[in-house]
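Given only the sequences and the hints, what does the whole structure look like? Please build it.
Residue strings, one per chain:
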Amino acid sequence: MDKNIKNPDFQSRLLNGLTKYASKPLGFEKMFREEETLKKREVEYASSLPLQIILYFNAYFSIVWAIGTSFLWPILGFSSTEDTRVWIILILFSFILLVIFEIIRLYIGYVGNLSERVPELTGFWLLTLMIELPLSCFLIAIVWVPLGTGDIKLVIAEKIPMQFALQIFHTFFVFLEVIFGFIALRVLARYQISRFHYKQFEKYEDKVEKDQDWINDLDKNNHIKMQSFDFEEKKKY
Amino acid sequence: MGLKSVQNGLVPTRFMCMLAHMVMLISLLIRRNEYVGSCDTVLYQNVNLLNNQFIIGLSISIGILAIELVTFITGITLFNTFQSLISTFLHSSAAISLSIMVFFKWCSVDFWYIFGFCSCIPFIFEIIFLIGIWLFKRTIN
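For the record, the sequence lines run as chains R and S.
In this text, residue positions in the first sequence follow our numbering: the first is 37, and each later residue adds one.
In this text, residue positions in the second sequence follow our numbering: the first is 2, and each later residue adds one.
Because the hints were derived from the structure by calculation, they are not lab data.
Cβ coordinates follow ideal geometry from the N, Cα and C atoms, glycine included.
Some hints could be false.
[Stated by the list, open to error] Here are a few chain R residues that face chain S, going by a calculated C-beta distance under 7 Å: (1) Tyr96; (2) Ala193; (3) Pro197; (4) Met198; (5) Ala201; (6) Leu202; (7) Phe237.
[Unchecked claim] Cβ-Cβ distance ranges computed for the label pairs, FRET-style: (8) S/Arg139 - R/Pro110: 47 to 53 Å; (9) R/Arg121 - S/Leu86: 29 to 35 Å; (10) R/Pro110 - S/Ile97: 43 to 49 Å; (11) S/Phe90 - R/Glu194: 32 to 38 Å; (12) S/Ile57 - R/Glu194: 21 to 27 Å; (13) R/Phe174 - S/Ile97: 28 to 34 Å; (14) S/Leu86 - R/Phe174: 35 to 41 Å; (15) R/Gln88 - S/Leu86: 21 to 27 Å; (16) R/Arg231 - S/Tyr114: 58 to 64 Å.
Structural data, given as structure tokens:
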């Protein structure tokens, strides 16, 4: 591939256009000033601190949440009327799914944010948005209307108030992770795109000189004389 | 000093103790009637007044604890060892005593002792550190 800056070929034009498209501001980064902090730091890292804090505390909290609420569900089973028995199966399945996906999600998000990997962060963000957010909102907002009255009551707040209190924090964490995960993902992806974009223009100019420097430096540093070696030399047999 | 307090485990224990206190407060706020009704009827004749006082006390302590959590998570007092020790000790004792209140059906008037010792003292120290950091720029790490 010849290098033509004045008449760029299709590939370089495509990459130029892609980076321009990806670097259009949405406004979240300006609100939280992630890019300015990226430039001001002495060491450049693109993993977001707020998301890391939230994930760290969420990991500790989810252990307590999982064990605590699993002891509280039988109370709902024993004290259930015919109205509330409809919800018990849904609650059970949503809780099991939440526990399974929570383990995967927290590990992927923690590792993906620390090691600045985009695919793991996207997996984490999609898992929170698509699976955890609806299920944990469901476990708070189950509503029943008792027969004969017009009152609307929350099932879990009425029967098991402690589980309601724990679930509030879980939903709060998930909600924050959706927001901060989105910002972290955009900043990280844009940072990596810009680094890749600038890196490929440096490739062909410096490569040949670097190899020669390496071979020439060997003579000076190690006091070794390297004869020029032709790999395509015909064998003299 | 930040890494050392994470190595010791001060930061997560403080967070879990604050959360435990908060969870007990919220669950008490939802079911108040047993604790207001188990008071001495001769001494406390006005049940509505007791109920209102209980609601007010619980909600004030929830608000104070929320402020503490905000200053904790945003990093102002995250690695402060003195505040961490006070917080863990007092909030864990509050959570334990509130759960004893559930088991033994204490009167709601006894909640004010828990409020005074376990909600106000960490808040006072937190405000002292906030003022020290903001105005005088002194930190303890």
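Quick rundown of the hints versus the structure:
1. Tyr96: 5 Å, holds
2. Ala193: For R/Ala193, the interface hint holds, since the closest Cβ of chain S sits about 6 Å away, which is under 7 Å.
3. Pro197: Holds: closest Cβ of chain S sits about 4 Å from R/Pro197, inside 7 Å.
4. Met198: Result: holds, 4 Å to nearest chain S Cβ.
5. Ala201: Check passed: Cβ of R/Ala201 comes within 4 Å of chain S, closer than 7 Å.
6. Leu202: With a closest approach of 6 Å, the R/Leu202 hint holds.
7. Phe237: Since chain S brings no Cβ nearer than about 39 Å to R/Phe237, farther than 7 Å, the hint is violated.
8. S/Arg139 - R/Pro110: 47 to 53 Å: Roughly 52 Å apart at Cβ, these two residues keep to the hinted range, so it holds.
9. R/Arg121 - S/Leu86: 29 to 35 Å: 48 Å, violated
10. R/Pro110 - S/Ile97: 43 to 49 Å: 24 Å, violated
11. S/Phe90 - R/Glu194: 32 to 38 Å: Holds: the Cβ-Cβ distance is about 34 Å, inside 32 to 38 Å.
12. S/Ile57 - R/Glu194: 21 to 27 Å: With a Cβ separation near 23 Å, S/Ile57 and R/Glu194 satisfy 21 to 27 Å, so the hint holds.
13. R/Phe174 - S/Ile97: 28 to 34 Å: 32 Å, holds
14. S/Leu86 - R/Phe174: 35 to 41 Å: 39 Å, holds
15. R/Gln88 - S/Leu86: 21 to 27 Å: Between R/Gln88 and S/Leu86, where Cβ atoms are some 25 Å apart, the hint holds.
16. R/Arg231 - S/Tyr114: 58 to 64 Å: 59 Å, holds
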